[in-house]
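Protein sequences appear in the order of chains R and G. Position 11 of the first sequence, counted from 1, bears residue number 11 in our numbering, the numbering being contiguous throughout. Position 234 of the second sequence, counted from 1, bears residue number 642 in our numbering, the numbering being contiguous throughout.
It is possible that some hints are incorrect.
To be verified - Listed below are the simulated DSSO-like cross-link pairs for lysine-lysine, each with C-alpha atoms no more than 30 Å apart in a straight line: (1) R/Lys-73 / G/Lys-813; (2) R/Lys-350 / G/Lys-812; (3) G/Lys-481 / R/Lys-172; (4) G/Lys-812 / R/Lys-73; (5) G/Lys-481 / R/Lys-20; (6) R/Lys-142 / G/Lys-813; (7) G/Lys-481 / R/Lys-73; (8) G/Lys-812 / R/Lys-20; (9) R/Lys-372 / G/Lys-780.
No lab work stands behind these hints: they were computed from the structure.
Spelled out, the chains give:
Number of protein chains: 2
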Amino acid sequence: MTEKKILLIVCDGLSDRPVKQFEMRTPLQAARKPAMDALARHGMSGTMDVIGPGIIPGSDTAHLALLGYDPYKVYTGRGPIEAAGAGIALARGDVAFRCNFATVDKSLNVTDRRAGRIKSGTADLAKAITGMKIEGVEVVFKEGSEHRAVLVLKGEGLDHRISDVDPHHEGKMLEARPLVPEAKKTAMVVNEFVKRSHDVLQKHPINVERAKAKLPRANIILPRGGGSVRDLEPLHQRYGLSCAAVAGVTLVKGICKLVGMEVLDVPGATGGLDTDYKAKAEAALRLLQSHDFVFVNIKAGDIASHDGDFRMKVQVVENIDMMLSLILKDIHEDVVIALTCDHSTPVSIKEHSADPVPFTISGGGTRVDGIKEFDEISAASGALGRIRGMDLMPTMLGMADRAKKFGS
Amino acid sequence: MTEKKILLIVCDGLSDRPVKQFEMRTPLQAARKPAMDALARHGMSGTMDVIGPGIIPGSDTAHLALLGYDPYKVYTGRGPIEAAGAGIALARGDVAFRCNFATVDKSLNVTDRRAGRIKSGTADLAKAITGMKIEGVEVVFKEGSEHRAVLVLKGEGLDHRISDVDPHHEGKMLEARPLVPEAKKTAMVVNEFVKRSHDVLQKHPINVERAKAKLPRANIILPRGGGSVRDLEPLHQRYGLSCAAVAGVTLVKGICKLVGMEVLDVPGATGGLDTDYKAKAEAALRLLQSHDFVFVNIKAGDIASHDGDFRMKVQVVENIDMMLSLILKDIHEDVVIALTCDHSTPVSIKEHSADPVPFTISGGGTRVDGIKEFDEISAASGALGRIRGMDLMPTMLGMADRAKKFGS
Numbered sequence: 001m002t003e004k005k006i007l008l009i010v011c012d013g014l015s016d017r018p019v020k021q022f023e024m025r026t027p028l029q030a031a032r033k034p035a036m037d038a039l040a041r042h043g044m045s046g047t048m049d050v051i052g053p054g055i056i057p058g059s060d061t062a063h064l065a066l067l068g069y070d071p072y073k074v075y076t077g078r079g080p081i082e083a084a085g086a087g088i089a090l091a092r093g094d095v096a097f098r099c100n101f102a103t104v105d106k107s108l109n110v111t112d113r114r115a116g117r118i119k120s121g122t123a124d125l126a127k128a129i130t131g132m133k134i135e136g137v138e139v140v141f142k143e144g145s146e147h148r149a150v151l152v153l154k155g156e157g158l159d160h161r162i163s164d165v166d167p168h169h170e171g172k173m174l175e176a177r178p179l180v181p182e183a184k185k186t187a188m189v190v191n192e193f194v195k196r197s198h199d200v201l202q203k204h205p206i207n208v209e210r211a212k213a214k215l216p217r218a219n220i221i222l223p224r225g226g227g228s229v230r231d232l233e234p235l236h237q238r239y240g241l242s243c244a245a246v247a248g249v250t251l252v253k254g255i256c257k258l259v260g261m262e263v264l265d266v267p268g269a270t271g272g273l274d275t276d277y278k279a280k281a282e283a284a285l286r287l288l289q290s291h292d293f294v295f296v297n298i299k300a301g302d303i304a305s306h307d308g309d310f311r312m313k314v315q316v317v318e319n320i321d322m323m324l325s326l327i328l329k330d331i332h333e334d335v336v337i338a339l340t341c342d343h344s345t346p347v348s349i350k351e352h353s354a355d356p357v358p359f360t361i362s363g364g365g366t367r368v369d370g371i372k373e374f375d376e377i378s379a380a381s382g383a384l385g386r387i388r389g390m391d392l393m394p395t396m397l398g399m400a401d402r403a404k405k406f407g408s
Numbered sequence: 409m410t411e412k413k414i415l416l417i418v419c420d421g422l423s424d425r426p427v428k429q430f431e432m433r434t435p436l437q438a439a440r441k442p443a444m445d446a447l448a449r450h451g452m453s454g455t456m457d458v459i460g461p462g463i464i465p466g467s468d469t470a471h472l473a474l475l476g477y478d479p480y481k482v483y484t485g486r487g488p489i490e491a492a493g494a495g496i497a498l499a500r501g502d503v504a505f506r507c508n509f510a511t512v513d514k515s516l517n518v519t520d521r522r523a524g525r526i527k528s529g530t531a532d533l534a535k536a537i538t539g540m541k542i543e544g545v546e547v548v549f550k551e552g553s554e555h556r557a558v559l560v561l562k563g564e565g566l567d568h569r570i571s572d573v574d575p576h577h578e579g580k581m582l583e584a585r586p587l588v589p590e591a592k593k594t595a596m597v598v599n600e601f602v603k604r605s606h607d608v609l610q611k612h613p614i615n616v617e618r619a620k621a622k623l624p625r626a627n628i629i630l631p632r633g634g635g636s637v638r639d640l641e642p643l644h645q646r647y648g649l650s651c652a653a654v655a656g657v658t659l660v661k662g663i664c665k666l667v668g669m670e671v672l673d674v675p676g677a678t679g680g681l682d683t684d685y686k687a688k689a690e691a692a693l694r695l696l697q698s699h700d701f702v703f704v705n706i707k708a709g710d711i712a713s714h715d716g717d718f719r720m721k722v723q724v725v726e727n728i729d730m731m732l733s734l735i736l737k738d739i740h741e742d743v744v745i746a747l748t749c750d751h752s753t754p755v756s757i758k759e760h761s762a763d764p765v766p767f768t769i770s771g772g773g774t775r776v777d778g779i780k781e782f783d784e785i786s787a788a789s790g791a792l793g794r795i796r797g798m799d800l801m802p803t804m805l806g807m808a809d810r811a812k813k814f815g816s
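All chains, please: the whole structure from these sequences, using the hints.
Right under this line is the structure:
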């Protein structure tokens with residue numbers, strides 16, 4: 001028995017519902033996608049409740065499940081995942097928060113929760129406030145895209161269970177309150193950080209410039225969504241695979257790092273509509289030379305859906321298909337290839353939905369079920385039936401002759 | 409994203425097996441049912457193990473599962489589960505016990521815990537002791553198979569946490585003791601019931617006959633395994649829906665009330681074969697004006713099956729189809745409609761069976777899977793695959809854009 005390599009391609013939000021403007025076809029049904037259909041034709045299909053029936057997956061929880069981790073056990077708040085995505089190495093005991101750069105007036109009323117969706121300068125602002133020590137706790141602060149940022153506290157006796165400083169709408173700023181007695185110190189440190197960073201940010205040259213240009217100052221940090229990370233057994237250890245990922249979008253990168261994957265920075269693979277599909281294909285093929293398990297995420301479908309742009313979504317399907325055809329042209333025939341989505345994002349509702357996603361797995365001498373197309377309805381007649389996201393990884397490992405035996 | 413309303417129609421026991429007299433078609437396959445088939449044609453189908461594979465659902469446990477409650481968690485202790493199995497409708501606050509008919513000597517020593525595995529006569533014995541009133545508590549007692557029976561207490565201030573009367577081996581009989589102070593009254597009522605029923609049973613003609621035949625008298629009841637119905641989070645609270653039900657049959661009404669639903673009394677909706685289908689259709693449509701979730705149960709199919717009347721069962725299918733056509737004529741196109749059964753009741757066996765039931769869900773912009781008929785076999789090829797009863801409610805909520813998101 002030869003162990004095969006595995007390529008998992010996750011098309012973010014590509015799964016959809018019937019679209020009126022396409023005579024009630026879904027974008028996957030409306031698009032021309034010979035490579036995806038070839039995959040379906042040569043393997044087995046099915047549909048998947050990524051978290052469970054009737055549960056709308058986030059991209060973070062979905063990717064955890066697709067990689068075989070129970071998100072209900074791993075995930076405590078969004079903070080840690082954002083932190084991991086921003087490249088901050090989290091250790092057990094650390095607590096993390098999502099933050100906004102925001103604008104407050106002199107009475108600490110939040111006048112703009114996003115500081116005018118500030119586009120530049122946040123790296124400098126973050127540099128000015130990261131590295132503080134408060135009560136022996138080390139503060140790590142890092143900017144994200146636009147007004148977004150991450151706060152990580154490292155030290156003894158921390159607990160993420162505090163209330164948000166972010167009021168979630170314009171108005172009076174809140175103080176962090178401990179939600180359990182163990183979180184008293186954390187609430188105190190967070191409040192002190194917010195206070196001290198306000199003093200620094202208010203008079204920072206970048207904000208002085210912004211004020212001159214009549215732009216709102218990014219003069220306050222609003223932490224929210226505190227969480228901590230369960231110790232995760234790294235993917236390579238858990239399954240005995242060398243693993244690598246190609247992903248453009250920060251959140252997905254974060255998940256990959258959290259499970260101990262090597263994440264490749266592909267120039268041009270932006271996580272946007274303009275992502276370089278050819279570069280992604282080449283990166284995937286290159287990584288398959290040196291790794292047992294390669295994971296590729298393409299974000300563009302989700303973006304088209306959030307914009308409600310069904311024509312763009314069909315275009316994205318066809319772009320991904322082109323990327324896939326480049327991969328199929330050069331891939332070793334023994335590689336097990338799985339194609340799926342992390343969740344549905346129907347263009348009709350512009351949001352994630354609970355609809356099951358299609359998946360197809362081929363290669364490695366697997367069975368062939370006669371399904372000829374890759375879409376939400378065709379896949380539902382496939383031989384792999386309806387599974388849960390956490391079943392995908394074991395299923396792929398099984399087909400790659402890498403599953404574990406239980407019994408004699 | 410607009411939240412849609414939901415109509416759930418449960419055809420009690422309509423699901424069946426092939427019937428010889430119909431050339432091996434099921435009643436659903438044999439009947440003319442254009443409205444049901446239209447639902448299937450416009451939505452997605454699947455099959456459902458209402459409790460789990462190979463478990464025969466009762467109407468009560470089935471309805472709990474269909475409404476999203478785990479029947480194994482709702483009923484604490486074995487007593488309530490046995491009571492449910494014996495067809496005793498349980499309400500919140502009731503306590504239930506498994507019992508044995510047993511044999512005691514004059515000093516109340518248990519000489520046979522199963523009264524010689526008594527085979528007949530227990531129905532008459534049960535009739536002689538059920539219906540007592542003790543301290544304002546109503547006693548419901550029902551025989552099971554052989555020496556087995558169920559005791560249910562209905563009244564104020566009851567608590568199931570008492571010790572067993574059953575010594576679990578031959579020897580000195582025990583007195584029920586309260587395990588918590590709140591259970592003092594329950595222990596007292598149980599002990600009094602055991603005493604009084606002993607007096608009745610000892611001289612009951614059936615036992616006099618048994619003594620003559622040198623068989624041990626079934627002269628004592630030994631309760632054990634007390635439990636009660638859990639306080640349930642009401643449906644409207646759990647899912648953020650205003651809910652109403654139309655049901656004729658007492659057991660189903662009981663479950664609806666247990667989960668906090670408003671149950672409409674529809675004149676003519678009897679829960680029998682003569683139920684007024686038109687009145688039910690009108691009630692469902694009326695309730696959909698004012699509620700987010702409307703549940704309709706039609707009992708007639710189950711009754712025809714228990715009578716083994718396959719012609720009547722086909723007639724019931726056609727009657728329900730007529731009701732459905734009245735609903736479909738006037739319903740808002742955005743309502744998500746689910747049609748299913750709570751269990752199979754094959755006319756060939758005249759009892760509930762563990763066969764999966766068909767279901768179909770349509771409306772609200774959902775996907776369409778190409779299934780053209782509503783029956784046990786057609787539904788099994790549907791895009792929704794094979795689910796469990798507890799997955800139905802989340803699935804409907806997902807299609808109605810009322811599901812909750814987990815993650816970012």
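Hints, verified against the model:
no.: 1; hint: R/Lys-73 / G/Lys-813; result: 16 Å, holds
no.: 2; hint: R/Lys-350 / G/Lys-812; result: 15 Å, holds
no.: 3; hint: G/Lys-481 / R/Lys-172; result: 44 Å, violated
no.: 4; hint: G/Lys-812 / R/Lys-73; result: 18 Å, holds
no.: 5; hint: G/Lys-481 / R/Lys-20; result: 43 Å, violated
no.: 6; hint: R/Lys-142 / G/Lys-813; result: 27 Å, holds
no.: 7; hint: G/Lys-481 / R/Lys-73; result: 21 Å, holds
no.: 8; hint: G/Lys-812 / R/Lys-20; result: 25 Å, holds
no.: 9; hint: R/Lys-372 / G/Lys-780; result: 21 Å, holds
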